[in-house]
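Engineer: Residue numbers (this note's numbering), protein chains in the order written: chain A, 1 to 418; chain B, 1 to 418.
It is worth saying that the hints were derived from the structure and are not from the lab. Source: prediction; values computed, not measured. Some hints here could point you the wrong way.
As the list makes no split between identical chains, a pair holds if one copy fits it or if it spans any two.
Said to hold, decoys possible - In silico EDC-like pairs for lysine to aspartate or glutamate, Cα to Cα no more than 20 Å straight-line:
(1) Lys-161 x Asp-393
(2) Lys-61 x Asp-51
(3) Lys-5 x Asp-244
(4) Lys-321 x Asp-244
There are 2 protein chains.
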Amino acid sequence: MQLVKAEIITIGDELLYGQVVDTNSHWISQELDRLGVKVVRKTTVGDNRTDILAAFAEAEKRADLVLITGGLGPTQDDLTKPLLAEYFNCEIVEVPEAVEAVTAFFRRRGREMTPLNILQGHLPSCCTYVPNEVGTAPGMWFERNGTYWMSMPGVPHEMKKLMKDFVLPKLPSLFTLPVIFHKVIKTAGIGESWLADLIKEWENALPEHIRLAYLPSLGHVKLRLTGFGDDKTILAAEIQQQIDAVLPLIDKFVYGYDEETLETAIGKLLKQNGKTVALAESCSGGYISHLITSIAGSSTYFQGAVVPYHNQFKESILGVKKETLLHHGAVSEQTVREMAEGVRAVFKSDFGLASSGIAGPDGGSEEKPVGTVWISCAGKDFAEAKKLQLTQDRMLNIQLTGVAVLNLLRICINQNNK
Amino acid sequence: MQLVKAEIITIGDELLYGQVVDTNSHWISQELDRLGVKVVRKTTVGDNRTDILAAFAEAEKRADLVLITGGLGPTQDDLTKPLLAEYFNCEIVEVPEAVEAVTAFFRRRGREMTPLNILQGHLPSCCTYVPNEVGTAPGMWFERNGTYWMSMPGVPHEMKKLMKDFVLPKLPSLFTLPVIFHKVIKTAGIGESWLADLIKEWENALPEHIRLAYLPSLGHVKLRLTGFGDDKTILAAEIQQQIDAVLPLIDKFVYGYDEETLETAIGKLLKQNGKTVALAESCSGGYISHLITSIAGSSTYFQGAVVPYHNQFKESILGVKKETLLHHGAVSEQTVREMAEGVRAVFKSDFGLASSGIAGPDGGSEEKPVGTVWISCAGKDFAEAKKLQLTQDRMLNIQLTGVAVLNLLRICINQNNK
């Protein structure tokens, strides 16, 4: 079966000058991916005749489906409509139905129309008019030599409505769509190349129709398995088989699948086990607490946190011993263990987590350079501690500490249940 | 003067399948725009030989500068490096300096290297090696027929570092850049259309060569003034004159300029006044503490924070009265005032800040729907409190509470100094 290839063209100077983030193409990609349409290219061009026409011509050579957003406003700098007419070699004519729809739109909003607005109901004669119920610029559908085109406004909710109501439902009747199945394995605590090393043999033995991609992000690596075939159920089973095969090799680094995050994964674990957690964050400054509380329902397992940014508060609130701080310093295994145990007591939680380190850029020494971080997880009858040697960058150090602490909690919960 | 044209090519299946949002090209666009380099096209292609080579060839025809991100990982699915070698017709060779840098990177982190990692120090012989101090994939600089190319990793902080340290400083020596001067006024506590209303007359009277853009973001509106001319000093003075003229109209909403954030602005204010702050965060869950501690040097004015996620800890740690919680509830003016005063006492700080609200999605009632948030700022002899009515979205509510609390602190410090 031939893959159906799509291209997305987003039009507008504001996208090139960095004034607006293009979220449209990301959304369209996700929707097409779900249907098994392969997006092969995204192109962004400005409000410029030559560039827009070039993008049209290039896309037509390669794609079965071309989705265009933007450049449909009523003002002079919006060129998409006249250029589509030029490209498809037809006139712009009044479409009474479209004029009526624009008029009705303004009537419903109780707003005055300008002559410019009426022109939004004038369309290239070679397109199919697609009503836009939530805005004034209609959708336009073109077909030529087996390539299908849809032009939509750049306003995200208008584009999405046209995609959902018109484009996406139409695709199965135009193309024989393949079946694609994705599954993402989420890992933490191991770098991309070590992971690759661990699963090399498995990776090389993957069948042709199942592909693997490594998607690294801060402190995490995602493994994406993509299967191509005819039957979703079979594909899903095949991919599950591959996951079952690789899992024993990387088990302890895997915290979840697909949309799961480390925060949601530890939330799930805590809930399943009926356990609670509290945090003493020094160098991470509230970041980990923020990650945990970003999850709806976290109040069932999150008791609270203390950010004791100076030694005196590590003593007064968490009960860290003066001697410990004196002899070992704030950034030490001893202190971080007492912090974890202390915060567990203050908040009467099952687990106590702690971080203490030198986030930078100042405060480093030869013995404890910037990036030195101690983390700890304390439970009823154990306390784990771990030293991290991170980077020169303050924000990165905070974020990497966050991943490491949450991952340590995950490991502690799992070990405790064995 | 000829405009300098740039194209951005982002590479990776994950961008086409909608699994990762491309934030890189947006950031690059903004930086180039600042320098007067015109981005004329952005292209995203997958990890596919034909598509990547086609994107290279098309870009070379049009652009003076081609910036490439992604596809530089050590694994088999990453194709950018071998395809650049193929495109520029040269071999991949060992670059001892690059191998040494990768090795040193691993040494600093105290981690083992794999053979794959060593290969990251092998580069096309026709490129200039550009060290990547914060990652393992080096930057690669190419020149051919008057077009300059830079290939960078897709990891945002690595790409940004290479851009800031190498590419952006290099551009003025390669091209004659136009003179553009930007100045951004940062505001908080007022919406875009109200702001526009306040400064309408001033805006309409701006000279032709000075343009104004409204850049709204969560809880903030930035006003960007852009001047075009021949002489940077004259432009800067003209723009300063315009700012002096508009400032009296919007004074109380302005917290800073250009790169300043609300966090850095309040940090500056606290330092200037020799004051300290502590936080009691309920619904904001550590987020504001994280914002404040993200700033280097914040330990001089930040004492600490408590996240008392349940009523008992508002009592036990902050000393909120049981009756207050009983009669008024956790989300109330009375409670939030006691929290602010309580945390001020616990941390012996000059200012105490507090938030308590219903972040959602659950926990709302008719009287206190989701999005109801009380915030407070307490000082030596005053306590301000304010009710916010925010959104249905948990994360938005946390972020908007953050902006509102920091802005309330800013106002309190300023009022206290009058």
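Engineer: If a hint holds in the structure, say so; if it doesn't, say that too.
Structural biologist: Evaluation of the provided hints:
In this assembly of identical chains, the alpha carbons of Lys-161 and Asp-393 lie at most 20 Å apart only when taken from different copies (11 Å versus 33 Å within one copy). Taking CA atoms no more than 20 Å apart as the test, Lys-61 paired with Asp-51 passes in both settings, with 16 Å inside one copy and 12 Å between copies. Taking the shortest Cα distances, Lys-5 and Asp-244 never come within 20 Å of each other, neither inside one copy (32 Å) nor across copies (50 Å). When the C-alpha separation of Lys-321 and Asp-244 is checked against a cutoff of 20 Å, the pair qualifies neither within a copy, at 48 Å, nor between copies, at 54 Å.
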